[in-house]
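Trainee: Sequence:
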Amino acid sequence: MSHTGEPRPMSAVPGATLNGSAEIPGDKSVSHRSLIFGAMAVGETKVTGLLEGADVLDTAKAMRALGAEVIRHGQGEWSIHGVGVGGFSEPADVIDCGNSGTGVRLLMGTVATHDFATTFTGDASLRSRPMGRVTDPLALFGAVAHGRSGGRLPLTLVGATNPAPVRYKVPVPSAQVKSAVLLAGLNAPGDTIVEEIEATRDHTERMLRGFGAQVETDGLVITLKGQPELKPQVIAVPRDPSSAAFPVCAALICEGSDVLVPGIGLNPTRAGLYTTLREMGADLTFENAREEGGEPVADLRARFGPMKGIEVPPERAASMIDEYPILSVVAALAEGVTVMHGVKELRVKESDRIDAMARGLEACGVRVEETEDSFTVHGMGGKVPGGATVGTRLDHRIAMSFFCLGMATQKPVRIDDATVVETSFPNFLPLMEKLGASFRRHND
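Going by UniProt numbering, the sequence shown opens with residue 1, and the numbers climb by one from there.
One or more of the hints may lead you astray.
30 angstroms max Cα-Cα, derived DSSO-like pairs, lysine-lysine [unchecked claim]: (1) K46 with K344; (2) K225 with K61; (3) K344 with K308; (4) K344 with K383; (5) K411 with K383; (6) K46 with K225.
No lab work stands behind these hints, which were simulated from the structure alone.
Please take these sequences and the hints and turn them into a complete structure.
Mentor: Structure (C-alpha cells):
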C-alpha cells in the first residue's frame, strides 16, 4: 500500500511516440535545503520553483514544527521567516517525514546540536531504512539516538547540550550523511570538518555559501566555520535532473520521439546519467547553457535512436545514484550488455532498488545479473516482451521507471501502485500523457 492512501494500479500502454516540451518540477535536493536554510537564517527567504511533492511538503511542516514561519503564496512560491542558527524550539509532536530519506537525515543533522528531543517517524518504507550512518556521526557532537533495532524509525534524537565541532570521514559516498554533519556543525563552535572518500552532490556547500556561511573545500575535505549568522536569500530552484531523467529516457526508447526538457540543473555532481547516456550513443543534446542561482542549467533535447550497452564505472555512481533504475530500463532496450559497477548504495534507498528493478525486468522478459555491488542488464535491442505486473515497493523511482519501460515494450506493463510517484514528481503522469504516453487505470 502507498503511504498516501489506497494503492492505485495502472498500466503503461506500449507504442508511445513522445513529442513536445516537458516542464519538470523543481529540484528535490535544492527544495529541501531551501526550506531548512531559510528557517535557519535571520529574516525572510523567498523561494520560487519549489517542488511541491510530498517529501518536500513534509520538510516544510517540520520547519513549522521547529518554530519557523513557512508560507505558501502560490504554485512553487514560498517564503520562510527564519529563527537564526540555534534558534529552533522543541517540537510539540512527532515529526513525520513520510517517504523522504533526504528529509529525515537532513533534519536529524539540523536538530542534533539543539538542546531538546525530537522524535522522527515515516511511512513503512522509511521506517525500514537504516539511520545509523547518520546518528553515528551526530553522536560525536553529543547527540543521543533512541530508536528501534538497527537504528530505524521511529527514533528520538536528543540534541547535544554543549555541542563540540567534529572531524568526520564519511565511510560511504553519501551527500545525506555529509550534509547532516555540516548542518549539525552550524550550531557548534569552531570548525566542523568532513572528509569524503569521493565527491557527492554539493548543493549543501553551495547553498551554505549563498546564505553567508564560511565553507571551504579543499579536494574532498570540507571545512565549515560554526555559528554563523545566515542571511536570507532569494532562491530560484532549478528543475530537477533526477525527475528530468524519466521523460528524457522515455524519449530515447520510444520510436519517433523528440522531447525538449527546459531549464534542467546540471550540477556536475548530479549529471552522471547524461554522460552515461551519451556514451551509449543516445541522441541527447544540451541547448542554451547558462547559470541560475549558482547552479549550471541547460535545456535538454532527447530523440529516439539506437543505443548500445556499456560498462558504467564505479566512480560515477555518486553523481547518478538515483538514476540507475531508469538507466536499467534504457539498458534493457539497448543492444548488448550494460554493467553498472559500484551501486551497492541502491540497496538501502527507498527500497532495495537493484532487487526491485531486477525482479521487474525479469518478469518483463529481460535477463539480468546482480551482485551486492553491481547490476548487469542484457539488452534486447528494443524488443522487450513486457506483459508483467511489477511491484513499486513504495518507491517512486521504481514506479516511474517501469511506467517508462511499458511505453516501449511489446505488451503493457502494469504497476501495482501509481500513487507513490507523488513523493517527488506529482505531475508525472499528466506530463507524460501530454507528451503522448497512454496509461490504463485499473479498479482492482
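Trainee: Hint by hint, say whether it matches the structure.
Mentor: Checked hints:
no.: 1; hint: K46 with K344; verdict: violated (38 angstroms)
no.: 2; hint: K225 with K61; verdict: holds (28 angstroms)
no.: 3; hint: K344 with K308; verdict: holds (24 angstroms)
no.: 4; hint: K344 with K383; verdict: holds (28 angstroms)
no.: 5; hint: K411 with K383; verdict: holds (10 angstroms)
no.: 6; hint: K46 with K225; verdict: holds (25 angstroms)
The earlier numbered hint that this structure contradicts is number 1, and it is the only one.
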